[in-house]
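Trainee: Could you put the whole structure together from the sequences, leaning on the hints where they help?
This is what each chain is made of:
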Amino acid sequence: MSTFGFFCDTSACSGCKTCQVACKDKNNLEPGIRFRRVYEVAGANWNKTEEGAWEHDIVAYNLSIGCNHCEDPACVKACPTKAMHAESDGMILVDSKICIGCRYCEWACPYGSPQYNEQKGIMQKCDFCRDYILEGKQPACVASCPMRALEFGQIGQLIEKHGDNRTIYPMPDPITKPALFIRKHPGARFARKLNASIINREEVRNEK
Amino acid sequence: MGKQNRREFIRKSAVAGGMVISSPVWFPDALGFNPGQAVAPGLAKNGWIRVGCPAHNCGGRCLLKVLVDDGIITRIETDDRPGDTPADPQLRACIRGRSYRRRQYHPDRLKTPLVRTGKRGEGKFREATWDEALGIMAAEMLRIRSKYGNESMFVPYGTGSYSHLNGRWPAARLMNFIGGALDYYNSYSWACISKATPTVYGTGITGNQRQDWLNSKYILMWGWNPAEMRDGTNSDYFIKKARENGARVVCIDPRMTFSAVSLADEWISIRPGTDTAMMSAMAYVMVMEKLYDIDFVRTHCLGFDSTQMPKGLENEESYVDYLLGKFDGQPKSPKWAAPITGVPSETITRIAREYATTKPAMLYQGYGMQRRAYGEQPVRGGCVLAAITGNVGIHGGWASGIAHQPGGEPFWSIFPTGTNNVQARIPTFLWTEAIIRGTTLTAKEGLTGVEKLNSNIKFIWSVASNILMNQHGNINRSGRILENESLVEFIVVQDQFMTSSAKYADLVLPVCTHFETWGLEDGWKYGEEVILMPQVVQPAFQSKSDYRICADLAAKLGVYDAFTEGLDEKGWTHKLWDQYRETRFHNLPPFEKFLESNQGVYSVPVFNPKISFQEFRNDPIGHPLQTPSGKIEIFSETLFQMGNPNEIPAVPKYIQEWESPFGPEASSYPLQAIGPHYMARVHSTHDNVDWLKEAFPQRVFINPIDANSRDLTDGDRVLVFNERGKISLPCRVTPRIMPGVVAVPQGAWSMPGPDGIDTNGNINALSSERWTPLAFGNAQHTIMVEIKKART
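First to last, the protein sequences are chains A and B. In this text, residue positions in the first sequence follow this note's numbering: the first is 137, and each later residue adds one. In this text, residue positions in the second sequence follow this note's numbering: the first is 8, and each later residue adds one.
Wrong hints could be hidden among the right ones.
[Stated by the list, open to error] Partner residues are not named here, just some residues of chain A that face chain B (Cβ under 10 Å, in silico): (1) 162; (2) 181; (3) 198; (4) 210; (5) 284.
Worth flagging that the hints you see were computed from the coordinates, not collected in a lab. Where is the CB? At the ideal position from N, CA and C, for every residue including glycine.
Mentor: Shown next, in the form of structure tokens:
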């Protein structure tokens with residue numbers, strides 16, 4: 137049972153990716169490995185009016201995701217070596233001594249969280265900045281956000297403060313019980329109707 | 008982190024560095040950064056050090072905490088002061104500051120002085136010692152000065168390094184000790200807005216302290232995008248707070264910017280260069296529906312309608328005359344504006360009503376729309392809308408214009424550059440004209456201080472600047488001018504990397520980073536703080552600070568003592584710190600005490616934000632403006648007397664741009680191209696940083712309608728071209744830009760191939776050197792292009 141979680145206010149996230157780079161700096165990650173990614177969702181119809189102007193019904197918003205440390209983690213279930221495991225406090229961690237780099241966890245995770253380190257031949261991912269938490273600090277991503285759109289905390293407190301919404305279009309249904317709580321951007325309710333999609337795929341996909 | 012751990016870190020980094028194909032080798036040991044010897048004596052201890060984020064022209068001034076271990080920066084965090092309230096918010100660094108280790112320890116850092124060996128611009132150099140390099144430089148300076156005079160010597164605009172000590176300031180100071188140099192006025196950023204704002208208000212101090220934004224009920228972000236260009240650290244955060252207080256926010260912009268997505272309730276797409284048409288139509292609605300502030304206009308404004316025209320000009324065209332079409336027969340109605348702006352007429356009408364009737368309201372204008380042909384007009388138009396809705400001099404309002412904050416604003420630079428004995432000044436943007444025909448320039452081209460120049464520019468000392476071959480309009484033309492050695496006879500570029508401009512230098516001097524020297528910074532446009540920048544690590548390789556380079560050169564020129572006043576970088580930082588204590592922040596702790604405290608930033612909380620024009624608002628007779636009439640000049644007699652009504656009208660007007668979707672050029676080049684600021688860079692700074700390229704690769708952004716009609720799919724490499732140049736880069740198909748407009752983020756380093764096609768996507772291969780009529784400002788966003796799939 138996970139104890140901690142992230143909160144992302146998608147109505148306030150500008151998509152600046154300061155969180156992504158703060159995380160890379162903390163974890164010394166080469167290009168291609170992103171423990172935190174920012175997904176840009178957008179969709180619109182554009183129509184020219186009779187008077188020669190343009191009308192649109194656009195929705196666009198961003199979603200910053202690290203690892204959601206799910207309560208029912210697909211990555212852990214998929215791992216053949218038990219390298220990917222849940223700690224007693226619910227944090228999902230990779231034991232790099234055991235990991236064989238088979239990438240099943242990457243395939244199983246609906247959120248693209250486990251990242252394959254080709255050089256080391258192992259999986260890596262967000263660990264909530266475990267060392268910082270033990271020091272009483274915030275995770276690097278949360279402390280970096282210029283819009284103060286990210287939070288970290290005890291799951292119960294996050295739910296009390298922000299409610300228990302764990303998904304936003306086009307994220308999957310929260311069947312893995314992600315410890316990620318989301319304030320929805322007001323436009324998100326029209327996203328499905330507009331067939332909105334992730335439009336910055338090259339900026340978030342894992343390097344092969 | 009102990010010594011052992013740091014070694015471990017470096018070893019791991021070294022291993023990781025080898026794995027990624029496109030990533031340069033990146034680890035300090037292999038680059039010759041000397042751990043062990045690297046800690047400057049008595050300064051940077053191991054551990055966390057609070058330091059101002061390296062000062063570029065980023066629009067922010069933030070605080071970093073850097074972890075120094077044995078002379079190497081191993082981690083970067085940001086401001087973590089407790090509290091973080093709107094009165095005194097944390098100065099959180101953005102993605103650029105957080106990625107700084109990849110710039111600091113980049114393998115391409117310049118290591119030694121370089122002397123050109125090939126043709127100019129060819130990029131061939133040999134290494135030289137400092138003694139030889141500065142010897143050559145001093146000799147060339149003296150030769151050129153004696154042959155052509157001080158007016159032939161020029162230290163151009165440059166903001167690549169921009170603390171109070173580092174950057175071009177020391178070079179300007181040194182020039183003034185050897186007789187001065189041709190000077191400039193204005194900037195690439197704010198030419199039109201800094202010139203046009205005072206034509207309405209008599210001053211550029213038209214803003215309020217940002218805490219006052221929380222009092223606003225309606226905010227029009229007109230071409231303003233604080234989430235990307237910052238415009239003061241926390242400006243985006245203050246807008247977020249204003250929304251939490253109930254403000255409705257509308258963003259008017261050709262792009263659905265980061266700000267439109269995260270800060271606005273509504274995004275209105277507008278065709279670039281047509282902002283004044285929409286402003287005029289909004290004013291038309293306010294006049295027709297009597298929604299403007301009739302009393303305020305009567306008591307505080309000049310030239311609104313025919314009843315309040317200046318003496319002797321009663322029969323000239325007032326603003327209402329223009330709106331109603333009394334002289335030109337064309338009412339500036341929303342129906343008129345819709346096909347010009349691309350904004351539906353009912354939207355224009357609705358926004359006019361919302362802005363005029365929601366009190367108090369802010370119209371905050373961005374700067375991109377004034378870096379255009381006739382960029383003076385939207386500045387004046389925005390100011391006039393703010394005035395006629397009565398939003399001047401009240402809490403929660405906003406007078407618009409350049410909006411410097413009242414009651415003491417950041418100093419930009421307080422480093423004493425001395426007195427320039429050369430009186431001549433040119434507009435910043437006209438330096439290429441001063442090279443090819445300087446002696447023919449007159450006041451018509453904005454020359455001030457003298458009637459004529461005695462010489463064209465013959466010596467350029469470009470410090471912390473990439474305008475020579477990257478940031479100026481039409482850089483293919485700049486290249487043809489600079490490669491001609493009979494024009495500019497000696498070019499020095501002082502930088503940290505071999506930029507596209509450095510390739511055109513005769514002498515390249517390696518500069519250390521801000522982390523490797525001392526400095527001081529305060530807020531960017533806004534803010535009530537001063538941030539100390541202690542040296543935290545030693546300069547890499549043979550690089551030196553801008554100040555040290557100038558001091559060593561001063562020795563060669565025989566003015567060392569006068570130049571240095573016996574002070575080193577830390578000494579100057581101390582002196583400038585004391586200047587803050589004596590002027591702006593009287594409670595600022597003593598320098599050494601503050602340094603010892605490792606606080607990094609001194610800030611003053613703002614609980615009662617100051618606002619501009621309060622006294623004028625309350626008593627326009629007793630406290631008149633500094634305009635000729637003492638009132639808000641909707642009609643400017645000064646502009647009227649310039650006698651160029653088609654380009655410099657006395658009231659703000661929409662003028663069709665010289666390159667436009669409505670002109671004949673549109674048949675060959677139907678797309679408008681704009682060059683917005685990009686999170687991956689600060690102008691051209693950071694373009695070689697891999698973490699930033701990964702996050703925000705250089706792309707041309709295009710609407711699906713324009714992509715489909717050209718058979719382009721997302722990610723295709725495309726050719727963007729016009730008669731001035733060609734660039735090739737991948738496209739990003741996105742609904743977040745309006746049809747007919749493409750965006751190529753400005754600042755990518757120009758990398759032309761043998762065929763002259765720039766493969767890195769520098770928009771200035773396409774932009775123009777033509778300047779605006781009143782401010783002599785750059786109009787680099789006014790360009791038409793076509794796009795097609797590139798042959799691969």
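Trainee: All the hints need checking, so say for each whether the structure fits it.
Mentor: The hints, checked one at a time:
Proximity of residue 162 of chain A to chain B holds as hinted, the smallest CB-CB distance being about 7 Å (cut-off 10 Å). With a cut of 10 Å, the hint placing residue 181 of chain A at the interface with chain B holds, because the nearest CB-to-CB distance is about 8 Å. Look at residue 198 of chain A: its Cβ gets to within about 7 Å of chain B, closer than 10 Å, so that hint holds up. Proximity of residue 210 of chain A to chain B is violated relative to the hint, the smallest CB-CB distance being about 26 Å (cut-off 10 Å).
Contact between residue 284 of chain A and chain B, as hinted, is supported at the beta carbon level, the nearest pair being about 7 Å apart and thus within 10 Å.
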